[in-house]
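Chemist: Spelled out from the first residue to the last, the chains are:
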Amino acid sequence: MRAASGKNYFELFGLPVSFDVDADDLTLRYRELQRHVHPDKFANASDQERRLSLQMTALVNEAFQTLKDPVRRGRYLLDLRGIDMGEETDTAMDPAFLMEQMELRENLDEIRQADNPGKQLAELANQIDQRMLEKIVQLRGALNLDSSKETSRARNLVREMQFLQKMHHEIDNLEEELT
Amino acid sequence: MAYSDKVLDHYENPRNVGSFDKSDSKVGTGMVGAPACGDVMKLQIKVNEQGIIEDAKFKTYGCGSAIASSSLLTEWVKGKSIDEAGKIKNTQIAEELALPPVKIHCSVLAEDAIKAAISDYQTKTGKGSKADAA
Chain A
134 MRAASGKNYF ELFGLPVSFD VDADDLTLRY RELQRHVHPD KFANASDQER
184 RLSLQMTALV NEAFQTLKDP VRRGRYLLDL RGIDMGEETD TAMDPAFLME
234 QMELRENLDE IRQADNPGKQ LAELANQIDQ RMLEKIVQLR GALNLDSSKE
284 TSRARNLVRE MQFLQKMHHE IDNLEEELT
Chain B
3 MAYSDKVLDH YENPRNVGSF DKSDSKVGTG MVGAPACGDV MKLQIKVNEQ
53 GIIEDAKFKT YGCGSAIASS SLLTEWVKGK SIDEAGKIKN TQIAEELALP
103 PVKIHCSVLA EDAIKAAISD YQTKTGKGSK ADAA
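Keeping their order, the protein sequence lines are chains A and B. For the first sequence, our numbering gives the first residue as 134, with consecutive numbering after it. For the second sequence, our numbering gives the first residue as 3, with consecutive numbering after it.
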């Protein structure tokens, strides 16, 4: 077994470098790769080979999680183009978008206090899902057009999607709290 | 993760939580966000005719360090001129709150929020440079 050093995640999975990934196909490829590198196969191999197998398993898992999730996939594609996401340093974003995120979080706080939170929570989750879907479509468009203007649009979209993901996470947390 | 006593204090008793009327001409509003953790921070200042920050309020959705950074900053800027407030560095906040390296970006968020609030106020009143707006 050779370490797949120098291969990006798409190449590792034998896929073209593109935002368009078929989820079922990806899962099949993942299972196949996993079988190849699984530590059980190397139970009788040398220490070095066993170590390599563990490393490869971790790499394959990381690659799968990255390619499966549209936000992480978009972010990874931008990473491959050498775009700095500025996640911890660039705090400037469209104020209207941030204001909306603030309001969504306030909604969530209100739902926490509400008499019948289940239904409202489901509605809010739907609203976030809807927005996420819209952004995925926009991101696909932006990433498929390889111009600097579209790349910068894609960067903004991924950054905004990260907030929506966080919001969804908060909704899930509250749902768990309430059950 | 272990938070410092100062972070815990601000987290449990946040100072100056709330909002001013955004459309008030004396009010500057700064909105910033950190995609890495999905934190959103709103920091507002109320400035008098002498250019002194009379009051400050914040609302932050984020981790304890982000809440503490913005809470501390609202305390610091009160009574300062907008020029002085604009010179506060994130490293001062991080040091005061003993933030670990992985939480430094929370103090960056607070510094950027006050800068954005000042810039918003200056744009509104037509005073000062817009250099920070970029």
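I should point out that these hints are in silico values taken from the structure, not numbers from a laboratory. Keep in mind the model is a prediction, meaning the values are calculated, not measured. Treat the hints loosely; a few may be bogus.
[As the list claims (entries may be wrong)] Label-pair restraints from in silico Cβ distances:
{"#": "1", "chain 1": "A", "residue 1": "Arg164", "chain 2": "B", "residue 2": "Ser25", "range": "25 to 35 Å"}
{"#": "2", "chain 1": "B", "residue 1": "Lys89", "chain 2": "A", "residue 2": "Lys282", "range": "48 to 58 Å"}
{"#": "3", "chain 1": "B", "residue 1": "Lys89", "chain 2": "A", "residue 2": "Asn194", "range": "39 to 49 Å"}
{"#": "4", "chain 1": "A", "residue 1": "Asp248", "chain 2": "B", "residue 2": "Asn15", "range": "50 to 60 Å"}
{"#": "5", "chain 1": "B", "residue 1": "Leu10", "chain 2": "A", "residue 2": "Arg245", "range": "33 to 43 Å"}
{"#": "6", "chain 1": "B", "residue 1": "Thr125", "chain 2": "A", "residue 2": "Leu161", "range": "37 to 47 Å"}
{"#": "7", "chain 1": "A", "residue 1": "Ala225", "chain 2": "B", "residue 2": "Ser21", "range": "13 to 23 Å"}
In this text, a Cβ means the ideal position worked out from N, Cα and C, and glycines have one as well.
Chemist: Each hint should be assessed against the structure and marked as holding or not.
Modeler: Results of checking the hints against the structure:
Hint check: Arg164(A) to Ser25(B), Cβ distance near 57 Å, so the stated range 25 to 35 Å is violated. Between Lys89(B) and Lys282(A) the C-beta distance comes to about 35 Å, which lies outside the given range of 48 to 58 Å. Distance hint check: the CB atoms of Lys89(B) and Asn194(A) are about 47 Å apart, consistent with the given range 39 to 49 Å. The hinted range of 50 to 60 Å is not satisfied by Asp248(A) and Asn15(B), whose Cβ atoms lie roughly 29 Å apart.
Checked against the given bound of 33 to 43 Å, the beta carbons of Leu10(B) and Arg245(A), roughly 22 Å apart, lie outside it. For Thr125(B) paired with Leu161(A), a C-beta distance near 54 Å fails the hint of 37 to 47 Å. In this structure the hint that Ala225(A) and Ser21(B) lie 13 to 23 Å apart at CB holds, the actual value being about 21 Å.
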